[in-house]
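Protein chains in written order, with my numbering: chain U, 813 to 1146; chain Z, 813 to 1146.
Honestly, I wouldn't trust all of these hints.
One copy or two, it doesn't matter: identical chains are merged, so the pair holds either way.
[To be verified] Taking lysine-lysine and the BS3-like style, the derived pairs with C-alpha atoms no more than 27 Å apart in a straight line are:
#1 890 - 906
#2 998 - 889
#3 1081 - 1114
#4 890 - 998
#5 1081 - 814
#6 906 - 998
#7 1081 - 1141
#8 1141 - 906
#9 814 - 1114
#10 946 - 1081
#11 998 - 961
#12 903 - 814
#13 814 - 890
#14 1141 - 889
#15 1060 - 1081
#16 906 - 814
Hints are computed from structural coordinates only; laboratory data are not their basis.
2 protein chains.
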Amino acid sequence: MKIALDAMGGDVAPETPVAGAVRAAREYPHLEIVLVGQQQAVEEVLASYPQRPSNISIVHAAETIGMDEPPVSSIRKKRDSSINVGVNLLKDRKVDAFVSAGNTGAVVSASTLLVGLLPGAERPGIAIMLPGVKGDTLLIDVGANIDPKPMHLFQYALMGETYARHVLGRNNPTVGLLNVGEEEGKGTGFIRETYGMLERAGLNFVGNVEGRDLFSGEYDVIVCDGFAGNVALKTAESLASAISQVLKRSLAMSPITRLGAWLSHDAFKALRQEIDYAERGGAPLLGVNGICIIAHGASTAKAIKNAIRVGYESANHGVNQHILASIQKHAIMQ
Amino acid sequence: MKIALDAMGGDVAPETPVAGAVRAAREYPHLEIVLVGQQQAVEEVLASYPQRPSNISIVHAAETIGMDEPPVSSIRKKRDSSINVGVNLLKDRKVDAFVSAGNTGAVVSASTLLVGLLPGAERPGIAIMLPGVKGDTLLIDVGANIDPKPMHLFQYALMGETYARHVLGRNNPTVGLLNVGEEEGKGTGFIRETYGMLERAGLNFVGNVEGRDLFSGEYDVIVCDGFAGNVALKTAESLASAISQVLKRSLAMSPITRLGAWLSHDAFKALRQEIDYAERGGAPLLGVNGICIIAHGASTAKAIKNAIRVGYESANHGVNQHILASIQKHAIMQ
């Protein structure tokens, strides 16, 4: 199986993507990792590793799309960017998945325009795994589609449920609809219409859930519009970082608390691992007619390695065939 | 100055509101606290305190609106509920502020219907203080209006800016617009229209901000629609609680980490205080023609006491006259 990786994507590129590719190549010897990016720059970073794994190859892409460039115009102007070249490999079925920590909007646009959507799918959605007290929850969409229609949210539920079932191995996964209250009838007209569609669909639909359920781990899948999802995700990132900064400051306040912090070191390490996004790797862009995985721009080498693993697992479980089947089945039912 | 408190509102009522009222009456002897609720039940709780402060009085209200009752129909049906009676005291100018930890929707509806909005104000908005690394940020709206128009968001900016200036004492407060990216032109049409209005208003408008800015403390005021604001707030609550649960579990994992946790006890206490919502008290419902403060249903006695303080400060600084002036000034400019 071949996984293409955007070697130029992310805050520190090509160094971090290459480091992640090397880790993945060693840990998953049955995979072939295709680094997509400026040949010379990628070769130079690769050369810094004493042993170059034989299951890493390079496909040259002359241009790079910056993290803050306008997505649609940049993929049109920079046809030879690492994102365009990588997505075209996916389109031509030369690779089984494409992974990028680059400009999210550009990856979404390039995948939608070049590879296209699964037949019947109306919009792509980004699904992210949130760590929870009782387990992980898949939240879809976190920003691919910030002004969706009820049908889009309905399809996100189908996509997320299918992913949870076939890739995550959840049995009869529960699906919740993110809202401002639990009672039926809460929310805007848009949300109430989506609620009705989900109720009739024969999914394991648990009704409305609230922001407080995102990290409880009580639900397998939570569906939301990309605006609220994006805000919630970034709020969570910022709060986690604020708590850790304030805790660090508090723990440094006296010799006794510093000793306590030193003794508790293993506990903090365990906490960090449990809530570490890097452990969960990338976020699948569902609805696209090919496996596309979006990683955080600040991804570490470990996060990149895990995003490659997520790409492999999605391809290995043939998630898109299952999503297609679910969309077709529910198109007849609606 | 007289502050009315809904004695029947919150998860443990009338016990917790009465406890908060007693604390407030002792700490702020210049205030008169008016407990609104079932006379006998309130008297019984008050009788459990050895000394009843002389600056506490009771106004009887025969009915109680439950935390999960439908807001509009319950305030219409239960005309003698503690919320209706309290809001009517505000309407008749018999008190200077009304504080409730009860059913938020019912408080919003009763205030809007009975007291009415400030002339020119189109919708009320709930403003909440978020603790941040560099200071607190006022987020408005967190759920009074889940399907707002650009003009509503624009007015929330005016209300929040005025509150930050006159009640919080911030000099030329910065105002940000919650969006999915920082660049101008990001977001839905609704957000872009609001952006244009804010840009022309002559406020200290810093442009778009993201979910990650909510807890940075970089901004004085952040404006958002009530749906996203509600989701963000509840997400933050849930994450903070998840982190603390997982940390507790991690710290208990060995005798050494348990010793470490015991030594670090003061640091955790400092952290809790810094991020404790109870310290910040209630959230003002801005835009209403009277001071109305909404407290969390799970408020402790300390949180109730602080919500009473917030009500007093709002009334003392005449925040509504300033909001009215700001709305009138900008109505001419628009």
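So, going through the hints one by one against the coordinates:
1. Taking the shortest alpha-carbon separations for residue 890 and residue 906, only the intra-copy value of 21 Å comes in at or below 27 Å, while the best inter-copy value is 68 Å.
2. For the identical chains of this complex, residue 998 and residue 889 are inter-copy neighbours only, at 20 Å across copies versus 44 Å inside a copy, given an alpha-carbon limit of 27 Å.
3. For the homomeric pair residue 1081 and residue 1114, the shortest alpha-carbon distance inside one copy (16 Å) is at most 27 Å, but the shortest distance between copies (34 Å) is not.
4. For the identical chains of this complex, residue 890 and residue 998 are inter-copy neighbours only, at 21 Å across copies versus 45 Å inside a copy, given an alpha-carbon limit of 27 Å.
5. Proximity of residue 1081 and residue 814 under a CA criterion of 27 Å is satisfied in neither setting, with 34 Å inside one chain copy and 51 Å between copies.
6. For a Cα distance limit of 27 Å, the shortest separation of residue 906 from residue 998 qualifies neither inside one copy, at 47 Å, nor across copies, at 34 Å.
7. Taking identical chains as interchangeable, the C-alpha atoms of residue 1081 and residue 1141 are never at most 27 Å apart, the minima being 45 Å within one chain and 54 Å between chains.
8. With identical chains, the CA atoms of residue 1141 and residue 906 are never at most 27 Å apart, being 29 Å at best within one copy and 63 Å at best between copies.
9. Only within a single protomer do residue 814 and residue 1114 lie at most 27 Å apart by alpha-carbon distance; the minimum there is 19 Å, versus 59 Å between protomers.
10. For the identical chains of this complex, residue 946 and residue 1081 are neighbours both inside a copy (19 Å) and across copies (26 Å), given an alpha-carbon limit of 27 Å.
11. Within a single copy, residue 998 and residue 961 get their C-alpha atoms as close as 17 Å, and across copies as close as 19 Å, so both meet the 27 Å cut-off.
12. For the identical chains of this complex, residue 903 and residue 814 are intra-copy neighbours only, at 13 Å inside a copy versus 70 Å across copies, given an alpha-carbon limit of 27 Å.
13. For a Cα distance limit of 27 Å, the shortest separation of residue 814 from residue 890 inside one copy, 24 Å, qualifies, whereas the shortest one across copies, 66 Å, does not.
14. In this assembly of identical chains, residue 1141 and residue 889 lie within 27 Å of each other by CA distance neither inside one copy nor across copies; the values are 39 Å within and 46 Å between.
15. Taking the closest pair of Cα atoms, residue 1060 and residue 1081 come within 27 Å of each other both inside a single copy (13 Å) and across two copies (13 Å).
16. When the C-alpha separation of residue 906 and residue 814 is checked against a cutoff of 27 Å, the pair qualifies only within one copy, where the shortest distance is 8 Å, while the shortest distance between copies is 75 Å.
Violation of the numbered hints given earlier is confined to hints 5, 6, 7, 8, 14; the remaining hints are satisfied by the structure.
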